[in-house]
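Participant: Residue strings, one per chain:
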Amino acid sequence: MLKNFNPNKAFFLTTKILKTLFFIFIIILIIGLTESLWISPEDYKQSHSVRIMYVHVPSAWISLGIFAFIGILSLFNFIFKNKNFSLIAKSLSTSGFVFCIIALVTGSIWGYPTWGTWWVWDARITSMLLLSIFYLMYILSWKVFEKNINQEKISSIIAIIGMLNVPIIKFSVDWWNTLHQNATVKIFSKSSIHPSMMLPLLIMTVAFALFSLIIFIMEYKAEVVKLKNKGLDRL
Amino acid sequence: MINQLFLMNGYGVYVWSAFGFTIFCFISLYLITKFQLTREQNKFTKKFAGLPQAKIELAKTQKINKEIIVNTPNFNF
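Chains as they are written, first to last, in our numbering: chain A, 5 to 239; chain B, -3 to 73.
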């Protein structure tokens, strides 16, 4: 199965679907923005500032999800020695990092009217900052060790160590007393968020996930072209 | 109603700056990634065009090389 999983085949597939994905993303984003800025109700306590949730929460979810995926791919790279795993992980890292920064900045903007401060060193926020540092280290490792034969190993180790931070972020609000609120959207038990707020949150999550997929495809294609460029030198 | 949409009971500045920052990041990331992809495609196509004829024929046997060239915008041999 892994033999069929190669950059050439993926390149053909991604070229065809990129424009369609972009069109779907724009439609979903417009619906999501209309829902979150206009149609969804204000919160009885936080008033309209709750609308920041519709960009803050999906960004945090996606940046966490992407890093967990990068960690798993790095682990697979060690086990199966397939270069494509590290190529996919590398292509995912930039969008993951940007989503992490969006989560931190919008969280800070939301924190000021809600808590009266832009920043607190509580478990959730600090572990999220740590995630952005791991993202930065992972991205920089690809650039700094470009000519090192152990480049893939170094970046994979950073990703695997950083992956340990993912469950810490997820459960930080349960394990420690934090200013950050507990999870309101739960997979295995009843969510405490009202459906009128859940709908725009899910639409925005789908839009953000599509955007990260589009960026991933473009980055992946650039990486494949880079590889093919090196291939021309060897002709 | 328009006033309500922009001011949001005094929270408008926070809400709009959070959404504005997100959209700014999206547009910047998209443009930077697109620029990098186009630059790599142009590099490839230029290198491909500079190859001797025998090597071009050899490179053409790989379907992916053709695909990269076809998808490179504004490039003429």
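Think of the hints as simulated: they come from the structure by calculation, not from any bench. It is possible that some hints are incorrect.
Stated by the list, open to error - Heads up, simulated DSBU-like pairs for lysine-lysine below, C-alpha to C-alpha not over 30 Å straight-line: (1) A:Lys87 / A:Lys49; (2) A:Lys230 / A:Lys147; (3) B:Lys30 / B:Lys51; (4) A:Lys151 / B:Lys30; (5) B:Lys43 / A:Lys20; (6) B:Lys56 / A:Lys49; (7) B:Lys56 / B:Lys39; (8) A:Lys174 / A:Lys190; (9) B:Lys39 / A:Lys23; (10) A:Lys230 / B:Lys39; (11) B:Lys43 / A:Lys23; (12) A:Lys49 / B:Lys43; (13) A:Lys157 / A:Lys85; (14) B:Lys39 / A:Lys190; (15) B:Lys39 / A:Lys87.
Participant: Each hint needs a verdict: does it hold in this structure or not?
Facilitator: Against the structure, the hints:
no. : hint                : verdict
1   : A:Lys87 / A:Lys49   : violated, 51 Å
2   : A:Lys230 / A:Lys147 : holds, 14 Å
3   : B:Lys30 / B:Lys51   : holds, 29 Å
4   : A:Lys151 / B:Lys30  : holds, 25 Å
5   : B:Lys43 / A:Lys20   : holds, 25 Å
6   : B:Lys56 / A:Lys49   : violated, 65 Å
7   : B:Lys56 / B:Lys39   : holds, 17 Å
8   : A:Lys174 / A:Lys190 : holds, 11 Å
9   : B:Lys39 / A:Lys23   : holds, 23 Å
10  : A:Lys230 / B:Lys39  : holds, 9 Å
11  : B:Lys43 / A:Lys23   : holds, 27 Å
12  : A:Lys49 / B:Lys43   : violated, 61 Å
13  : A:Lys157 / A:Lys85  : holds, 10 Å
14  : B:Lys39 / A:Lys190  : violated, 48 Å
15  : B:Lys39 / A:Lys87   : holds, 23 Å
Comparing the model with each earlier hint shows violations of hints 1, 6, 12, 14; every other hint is respected.
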